[in-house]
Amino acid sequence: GQQLNQSPQSMFIQEGEDVSMNCTSSSIFNTWLWYKQEPGEGPVLLIALYKAGELTSNGRLTAQFGITRKDSFLNISASIPSDVGIYFCAGYSSGSARQLTFGSGTQLTVLP
Amino acid sequence: EAGVAQSPRYKIIEKRQSVAFWCNPISGHATLYWYQQILGQGPKLLIQFQNNGVVDDSQLPKDRFSAERLKGVDSTLKIQPAKLEDSAVYLCAAKTAYEQYFGPGTRLTVT
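Top line first, the protein sequences correspond to chains A and B.
Mind the numbering: the first sequence is residues 1 to 112 in our numbering, read in order.
Mind the numbering: the second sequence is residues 113 to 223 in our numbering, read in order.
Among the clues, some could well be false.
Once the Cα atoms are required to be at most 25 Å apart in a straight line, the calculated SDA-like pairs of lysine to any residue come out as [as the list claims (entries may be wrong)]: (1) B:Lys195 <-> B:Thr221; (2) B:Lys156 <-> A:Gly59; (3) B:Lys207 <-> A:Glu15; (4) A:Lys70 <-> B:Glu211; (5) B:Lys156 <-> B:Gln171; (6) B:Lys207 <-> A:Gly59; (7) B:Lys207 <-> A:Ser27; (8) B:Lys156 <-> A:Asp71; (9) B:Lys174 <-> A:Gln3; (10) B:Lys156 <-> B:Val167; (11) A:Lys70 <-> B:Lys174; (12) B:Lys127 <-> A:Gly40; (13) B:Lys207 <-> B:Ser178; (14) A:Lys51 <-> B:Thr143; (15) B:Lys123 <-> B:Ser178; (16) B:Lys156 <-> A:Ile86; (17) B:Lys190 <-> B:Leu220; (18) B:Lys190 <-> A:Glu41; (19) B:Lys156 <-> A:Gln9; (20) B:Lys207 <-> A:Glu38; (21) B:Lys183 <-> A:Leu61; (22) B:Lys207 <-> A:Gly66; (23) B:Lys156 <-> A:Leu46.
Distance ranges between label pairs, derived from CB positions [claimed, not checked]: (24) A:Arg60 <-> B:Ile124: 30 to 40 Å; (25) B:Thr208 <-> A:Ser82: 18 to 28 Å; (26) A:Arg60 <-> B:Ser130: 39 to 49 Å; (27) B:Lys127 <-> A:Gly53: 46 to 56 Å; (28) B:Lys127 <-> A:Pro39: 20 to 30 Å; (29) A:Asn5 <-> B:Gln162: 26 to 36 Å; (30) B:Ser178 <-> A:Gln107: 25 to 35 Å.
Honestly, the hints are just simulated from the structure, not real lab data.
All figures in this text were calculated on a predicted structure; none of them were measured in a lab.
Heads up, the beta-carbon is just placed ideally off N, CA and C, and yes, glycines get one too.
Here chain B stands alone, though its shape is the one from the complex (with noise of 0.2 Å):
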């Protein structure tokens, strides 16, 4: 099973702030996804990475969110600026053959 890390795992900041989170998927796994869950929704997809590349961001609001991947194993993503509707948990999850595990996620309260 993958081992993924995320760090902080909360974090309040006000609007218009910017903030950031980290994930190592301990295990190197080459595919790795960051999820926004909302309050009582499943978890949905904001960016897949493949290695060092980006192979679906289709739903990242480019306007305000990125995400990167150094030497295809930690990845950062972004907020910057912060608005109240970013609320939620941020999860990381890296993929074996089919299975995506997810780490225990970020969760970003912003007041």
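For reference, chain A alone in the conformation it holds in the complex (with noise of 0.2 Å):
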């Protein structure tokens, strides 16, 4: 099946600074999500990307549609405590249009 990389796969940072990932694929993807998943909860969709090039926001997150279509990036920006969480890139792919692939995660966890 498809596979999605994604990194880092954990990030400590200081509360305040910016935090990026990515995720890549070797495969076109149509369309590409963003999720959160907190401990005990199922993931909460924060970004949803429908075409190449796009660039959305989301309060302090950001995030781009790569141009190649096989790319995307979360930008989260002044990070603050309650941003810990595990990050997920999801996305459909133009051969498998039906099937939600995800990531691996991104573990991040904020300082004080």
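Reassemble the complex: the two chains are provided individually, in unrelated frames, and hints are given to aid placement.
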């Protein structure tokens, strides 16, 4: 099946710092989604991207759909303690439009 | 946003026992998914329903896993008999346009 390579696997940052994480694939994706998952909860949708080059913001979060359609980026500005969690990229590939493929997640820890 | 309810939230069973999970996509969305999420990994699709029908169950271990969706609303996922490697969080999701919204999951521990 499709695979998404998400990096970094984990991050430890100071409160107030900016954060960047990315997701790459060898296949073309038609839709990119970014989720956040906190302990004991299901993933919560943060941002959805539908077109190559699209840049979308949700508060302090900004995500971009890569021009090649094989990657996506998520940036978090001015991190706060409640940003702690696991961030997953996910997407629908051109070859598997019905099945949502997930990355392995980025564990974010924000230090006070 | 689609609200998705799941129960139970936690379940501990011994290997070879049976277990069932329940999902209710509160807003009644037509497309429903079951995922398995093993610790440290992203969710992996087990089965997808469109109304009452199965769209994709290619990754469902059919020798022990089964799922049904009655009247196109609630769904149950069953494991019989459970193995140690089935320990995971089982997530249910409902789909709007492109986005999938997830329930809180059921954490299964098989001992």
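Hint by hint, here is what the structure shows:
1. B:Lys195 <-> B:Thr221: 10 Å, holds
2. B:Lys156 <-> A:Gly59: 29 Å, violated
3. B:Lys207 <-> A:Glu15: Violated, because 34 Å separates the two Cα atoms, which is more than 25 Å.
4. A:Lys70 <-> B:Glu211: At roughly 19 Å apart (the allowed maximum being 25 Å), Glu211 (chain B) and Lys70 (chain A) satisfy the hint.
5. B:Lys156 <-> B:Gln171: Holds, at roughly 8 Å.
6. B:Lys207 <-> A:Gly59: 24 Å, holds
7. B:Lys207 <-> A:Ser27: 23 Å, holds
8. B:Lys156 <-> A:Asp71: At roughly 20 Å apart (the allowed maximum being 25 Å), Asp71 (chain A) and Lys156 (chain B) satisfy the hint.
9. B:Lys174 <-> A:Gln3: It holds: about 23 Å lies between the C-alpha atoms, which stays within 25 Å.
10. B:Lys156 <-> B:Val167: 16 Å, holds
11. A:Lys70 <-> B:Lys174: 33 Å, violated
12. B:Lys127 <-> A:Gly40: 23 Å, holds
13. B:Lys207 <-> B:Ser178: 21 Å, holds
14. A:Lys51 <-> B:Thr143: Holds, at roughly 23 Å.
15. B:Lys123 <-> B:Ser178: 17 Å, holds
16. B:Lys156 <-> A:Ile86: Holds, at roughly 16 Å.
17. B:Lys190 <-> B:Leu220: 12 Å, holds
18. B:Lys190 <-> A:Glu41: 21 Å, holds
19. B:Lys156 <-> A:Gln9: 18 Å, holds
20. B:Lys207 <-> A:Glu38: 20 Å, holds
21. B:Lys183 <-> A:Leu61: 39 Å, violated
22. B:Lys207 <-> A:Gly66: Holds, because 24 Å separates the two Cα atoms, which is no more than 25 Å.
23. B:Lys156 <-> A:Leu46: Holds: Lys156 (chain B) and Leu46 (chain A) sit about 19 Å apart, inside 25 Å.
24. A:Arg60 <-> B:Ile124: 30 to 40 Å: 38 Å, holds
25. B:Thr208 <-> A:Ser82: 18 to 28 Å: 25 Å, holds
26. A:Arg60 <-> B:Ser130: 39 to 49 Å: 45 Å, holds
27. B:Lys127 <-> A:Gly53: 46 to 56 Å: 50 Å, holds
28. B:Lys127 <-> A:Pro39: 20 to 30 Å: 25 Å, holds
29. A:Asn5 <-> B:Gln162: 26 to 36 Å: 30 Å, holds
30. B:Ser178 <-> A:Gln107: 25 to 35 Å: Since Ser178 (chain B) and Gln107 (chain A) have Cβ atoms about 33 Å apart, the given range 25 to 35 Å holds.
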